[in-house]
Every structure is written in structure tokens, then in C-alpha cells.
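> Just so you know, the sequences run in chain order S and H. Numbering-wise, this note's numbering puts 3 at position 14 of the first sequence, and it's gapless, one number per residue. All you need for this note's numbering is the position in the second sequence, starting with 1, plus 20.
Since the hints were derived computationally from the structure, they do not count as laboratory data. Errors might be hidden in some of the hints.
To be verified - Quick partial rundown of chain H residues pointing at chain S, CB under 10 angstroms, derived from the structure:
| hint | residue |
| --- | --- |
| 1 | G146 |
| 2 | N166 |
| 3 | D168 |
| 4 | T175 |
| 5 | K181 |
| 6 | K291 |
| 7 | D294 |
| 8 | T297 |
| 9 | L298 |
| 10 | G373 |
| 11 | H375 |
| 12 | G423 |
As the list claims (entries may be wrong) - Reference listing, derived: stretches of chain S covered by chain H, where coverage requires no fewer than 3 residues with Cβ under 8 angstroms from a Cβ of chain H:
| hint | segment |
| --- | --- |
| 13 | 10 to 16 |
| 14 | 69 to 75 |
| 15 | 91 to 102 |
| 16 | 111 to 117 |
Treat the numbers as computed from the prediction; the structure is a model and nothing was measured. Ideal placement from N, C-alpha and C gives every residue a C-beta, glycine not left out.
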Amino acid sequence: MDTKIRGKAYVVGESIDTDQIIPAQYLVYSTSDPEERRFYGHYALAGLPVASQGLPDGGTPFVRGEEFTSDYQIIVAGPNFGCGSSREHAPLALAEAGATLVIAESYARIFFRNCVNGGYVIPAETRERLYDRVRTGDDLEVDLTANTVINHTTGDHYELPPIGDILPILEAGDVFEYAKKAGMMAS
Amino acid sequence: MGMTLTEQILARHAGRDRVSAGENIWVDVDILLTHDVCGPGTIGIFKDKFGADAKVWDKERVVIIPDHYIFTADAMARRNIDILREFVAEQGLPYYYDPGTSRYKGVCHVALPEEGHTRPGELLLGTDSHTCTHGAFGMFATGVGNTDAALAMGTGKTWLKVPETMRFEFHGALPPYLMAKDLILQVIGDIGFDGATYRAMEFVGPAVFDLNIEERMTLCNMAIEAGGKNGVVEPDQVTIDYVNERIARAGTHADYTPVYDTADGAYVFTKQYDVSTLDPVVAKPHRPDNRASVREVAGTKVDRVYIGSCTGGKITDFEAAARLLAGREVRVDTFIVPATTEVARELGRRKIGEHTLTEIFRNAGCRLGESSCAACLGGPVDTFGRLNEPLTCVSTTNRNFPGRMGHKDGQVYLASPMTAAATALTGVITDPRDQMS
Ligand code: SF4
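With the rest of the complex left out, here is chain S (with noise of 0.2 angstroms):
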């Protein structure tokens, strides 16, 4: 696991649900074939309203027109990101378009569950109110270890509370990967 990440920041706002970040109509691509899984990366956050693509100005969609990967690796949200339904499509579409992280002030269980298991993105909580403060396209650095996330364009420093019970899961890669490590499953 990465532990620094250094990116773009994407910025939405609060209780931002599964179907926002990948509309129900496109969960028919297989997430096996490598060749329709692109697509979940060129629909993630499709289901955005304009206004909320991309804070504070709106109107910035997370993937550009024919585009399969973001510009951003940088999610900053508000709280309960991510609630709604079970799809595991969600994390996977934010990791196929490229994000590899997401800065919220709370998540939907499932989606949080679903991001760590998988080994899509990093779910990385904040107690502080990030989203109206970072940009859309501000240069973030984070820091897992320390606990820090650093804005290069305004030169802000904010702090992240550990990662916490998650970590094992993070470390070993996915769940199976940590499921051999507690005997759960044969190596």
C-alpha cells in the first residue's frame, strides 16, 4: 500500500449516494472483461447533478467527454459518502477512472467495506470540513502514516485521524488476502 499519494482534488459535497457516483443504468458491463470494466471509469460520478460536479464552481465533470480516467485521484467529500445501494461497481468505477483516494467526513458502511475488501480506493475519514475549503483541481498531498494531508496550491496543512481497523485489510492488499492471513482461507 501506498502510503503517500500525491493528486488532484475532486471535490463534491455531502451524501453523495451510489447512484450519483455510478448511475444504475450502466451496471451491465462485466467488471471481469478489462475491456467493458473501462467503461465503469468512463461513467464514474455520471450521476453528478451539474452543480455538484466538482466544487465549489460546479460543472466540471470527474470524466471529460470521450475520456476514461479522471484528471482527478482526489476525492473530497462531505459526510455519509457513498450511501445507497451494496453495488461494489461504485469504488470500482471511482479506482477505474483513476482515483485512488477519497477524503470524506463519513461513510456509508457498504461502500466503505466495499472500497477496503476490494482493494479499490482508500477510504481515508476527516473530522474536519475539507469540501468547502479544498478546490476542485487544488494539488493535494496525503500522507497515511502521518496523518496529514498537505494543499500545495494554498499551502494548508489539515489533519487525518489514523486509519484504525482497517489497516490489516489495507496491508495484506484485499480481504483473501487477509482471510489466508487469519486461516479463513486456504493459501
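Starting from the structure of chain S, add chain H with the ligand where the hints point.
What follows is chain H with the ligand alone, placed relative to chain S:
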């Protein structure tokens, strides 16, 4: 101090005498449920991790119920069903309910108990967030993603963090204009749509045990809309009778051991409700916790009414709606979608006065769809009842996030079947009390 219902079930499945909230534990899974949207992805991961020839851990315990994208011309959606069929054949799975055959059921959360797969004291995982519905049977039931499901498919195990329990106690007599949907929307409005994140929601009290099993399912179904990990109701004779009858009919395994409430667990809080004092409520767009009493939003013009889904498409829901619609005509497009084929058949049998529910809906000018999730989650554009334009809809479903029923700018009000029916009769949001004779 005793253990909560949820802790008792988890302790047993972890092979331990005791577990407490906050612990991470490995547990044995009794039933794994999947459907056409998440099944193919789960199967893909299962094969990738356990090998192309791997067998599921127990074929009696993997239940596959296609329900989401059934009546669509969308070739990609249909391919999902083909993947399920192939897997079922290869694994020899007995509990598969194939579309287009007499075994086809419809919405997985209504089909699962009908087909004898829910039992008190057991542990159920489903690749669907509304798997929490089955807590109504006194079991631990929660939604998981494809990766978790694939691990369970191969090993029969999963890891869980033992949730803290919030206890909701309902007293008083339920007035005839209220339904379980009003109770749960009330609760979600009170605690917020993340108010139960990582937690169990336990529903207790005489007014809960007065509810029939379908209404208890509605309560537990929407635990996820408060972020809950699971909802749970202690089993009583109503539960046991229902479960035993279904098990006998389906021939599924009959050995189960219920857990009972000791009322001395560690609860985050106990919140009391007197149901006799509550009002019919809706959740306004675009959040399930955006509660208002129906009176507050009464008069809001609507384009459409939708009665269906695992939350509001059971026979109790339709009977309640039909009581209001009988002998009258709807003023707006009204879509009726029975959750399962069994519910659909029952619509043709159950009568109010001399007409069956089906006749009542037809005579009222409603449109009847085929059993499935249909427009509850939008889905392909040709889905029955889907909001393809930015319409305002009163719906008995469970979610009203932007785009959930199709169009991003659609305005969805979540409501009970009675409020939905009263609204259908007037074309504006209407309190059922104003339409009851
Ligand atoms: S009816 Fe709606 S909520 Fe229920 S399983 Fe189907 S899509 Fe999900």
C-alpha cells in the same frame, strides 16, 4: 449484562459465548443471497480467487434470485441472467428462480422469505443493501459487496465488526391511516440518514409485534436508509408460524435456533414512540431523511404515483392501497408493480367487496406491471414506470436520491401505500385521512 439480539446471533456464528460491540470477528454464514446486478461480478471474483473449477462452499446455501433487470430489451442486462444460468448449472444450485419460467419470483427480498430461506437466529449476507429486510425474521441480515460475497461463496465465512445497537420501542395502537412505512420514515427523519451508520437498529414494543410479518419487513428494509448495518425484530409466534410454513412448502432446512430479547444488552439508546400520536409522513426529495408530514406538503402537484418494490410492493401494501382506490379513479398515471409473482397471483385472488385487488386497480385506471424491481432503481430506459423525464412522483419505494428512479431531476417523495393511493386519487399529495370513508 446480557447481549443484544444482534450480539447473540453474531456470538453464536463466531463460535463464542460472548461478543461485544466494536470487536472484529469472523463468522459463519448461513445463507448467501445474490441477484442479477451483483451476481455476475461476485461470480467473476469467486472464480478469480478460488479457481475456475472451484465449487461454492455449500450449494444449499447460495440462493440466486434475479429481479432487477428482467423485462428489458437491453442485451447487456440480459447477458447478466445468462451468466447466472451458466453458473447455476455448473454448480448444481437448487435455489435459483429463473426469469421466463414458472419458478421466476421477482424482488429478491420478498422472494427470499416466501421461498423458505429466512430463519430466526441465522446469519444472512446478500449482495444488496436492502438485505437488512430479513432482520424482520429475527436473524442477522446485512448487505455486502461482490468481494465479500465472493469470499463467503468460497469459504462460508465473513468478517464483521460487531455493531452497537440502537433500540426503537413502539407503543400504542396503530391508527388505520398509518403503516410501517410511516414509522420508519419517522425514525429516519429523527436520526438522519447516517444516524445508524455501523449500527444495528432493533425494533421492539407491542406496536411492532402487532404488525404482520410484511410490515415488519418494511421496518427493517429501510434500516439501511439510516445507514444501519442491520435491522432486527425479535421472533414471536407470528414469525415462527410464517417461517415454518414456508420451510415446509419449499423443503428448505428446518433446523434453526431463535434468539430472544433479554432487554439488558448494552444499547446506544432506547427511543420511545407512541404510534397513536404519529402522522402520515413522506420523505421529500432527495433524501430519505428529509421528512415532512403529509399535511405539510399536501397540495403539491404530482405527475405520477408508483406502488411497488421490496418496501412497498407486498400484498399488505396493495391491500392498503386498494382500500382507498376501490370504486374510484386515479387522476394521475399510477403504476402498480407487485414485488413477486406470488404477490401478483394473490392480487388476483384477494378481494375487497366483490372485486379482486387486480380488478380494483384496473378499474381505477392504474397500470399493472410485471413482478420485478422495475423503476425502483431506474434501470434501463425501457423499464416499466421509470422516470425518463423530470417528473414528480410519489413512490412507495425506499430511496429518493437524485436519479434513483431514472431522471436526475426527477422529484421523488417516498410515502406509504396509503398516502400514495390517496395522492393518486387527487393528483396532489394527499393525506390518506382525507380520502378514507
Ligand atoms: S425493489 Fe428496489 S430496493 Fe428492493 S431490491 Fe429491488 S431495486 Fe433494490
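> Each hint should be assessed against the structure and marked as holding or not.
Cross-check of the supplied hints:
For G146(H), the interface hint holds, since its Cβ comes within 10 angstroms of a Cβ in chain S; the closest pair sits about 8 angstroms apart. About 4 angstroms separates the beta-carbon of N166(H) from the nearest beta-carbon of chain S, less than 10 angstroms, and the hint is met. Here the hint on D168(H) is kept, as its CB sits about 6 angstroms from the closest CB of chain S, short of 10 angstroms. Because the closest C-beta pair between T175(H) and chain S is about 5 angstroms apart, less than 10 angstroms, the hint holds.
Interface hint at K181(H): satisfied, since its Cβ lies 7 angstroms from the closest Cβ of chain S, which is below the 10 angstroms cut-off. Taken as an interface hint, K291(H) does not check out: its beta carbon lies about 20 angstroms from the nearest beta carbon of chain S, beyond 10 angstroms. Because the smallest distance between the Cβ of D294(H) and any Cβ of chain S comes to about 29 angstroms, over 10 angstroms, the interface hint for this residue is violated. Interface restraint check: T297(H) against chain S, minimum CB-CB distance 30 angstroms, threshold 10 angstroms, status violated.
A hinted interface residue such as L298(H) counts as satisfied when its beta carbon comes closer than 10 angstroms to some beta carbon of chain S; here the least separation is about 25 angstroms, so the hint is violated. Restraint check, G373(H) versus chain S: the minimum CB separation of about 39 angstroms is more than 10 angstroms; hint violated. Against a cut-off of 10 angstroms between C-beta atoms, the interface hint on H375(H) is violated, since the closest Cβ of chain S lies about 35 angstroms away. About 5 angstroms separates the beta-carbon of G423(H) from the nearest beta-carbon of chain S, less than 10 angstroms, and the hint is met.
Residues of the segment 10 to 16 of chain S with a Cβ under 8 angstroms from some Cβ of chain H number 4, which satisfies the need for three, so the listed coverage holds. Only when three residues or more bring their CB closer than 8 angstroms to a CB of chain H does the claim for the segment 69 to 75 of chain S stand; here the count is 5, and the claim holds. A count of 6 residues in the segment 91 to 102 of chain S with a Cβ less than 8 angstroms from any Cβ of chain H is obtained; the coverage claim is therefore met, three being the minimum. Figure legend: the segment 111 to 117 of chain S, annotated as covered by chain H; annotation inconsistent (0 residues with Cβ-Cβ distances under 8 angstroms, at least 3 required).
In this structure, the hints that do not hold are numbers 6, 7, 8, 9, 10, 11, 16, in rising order.
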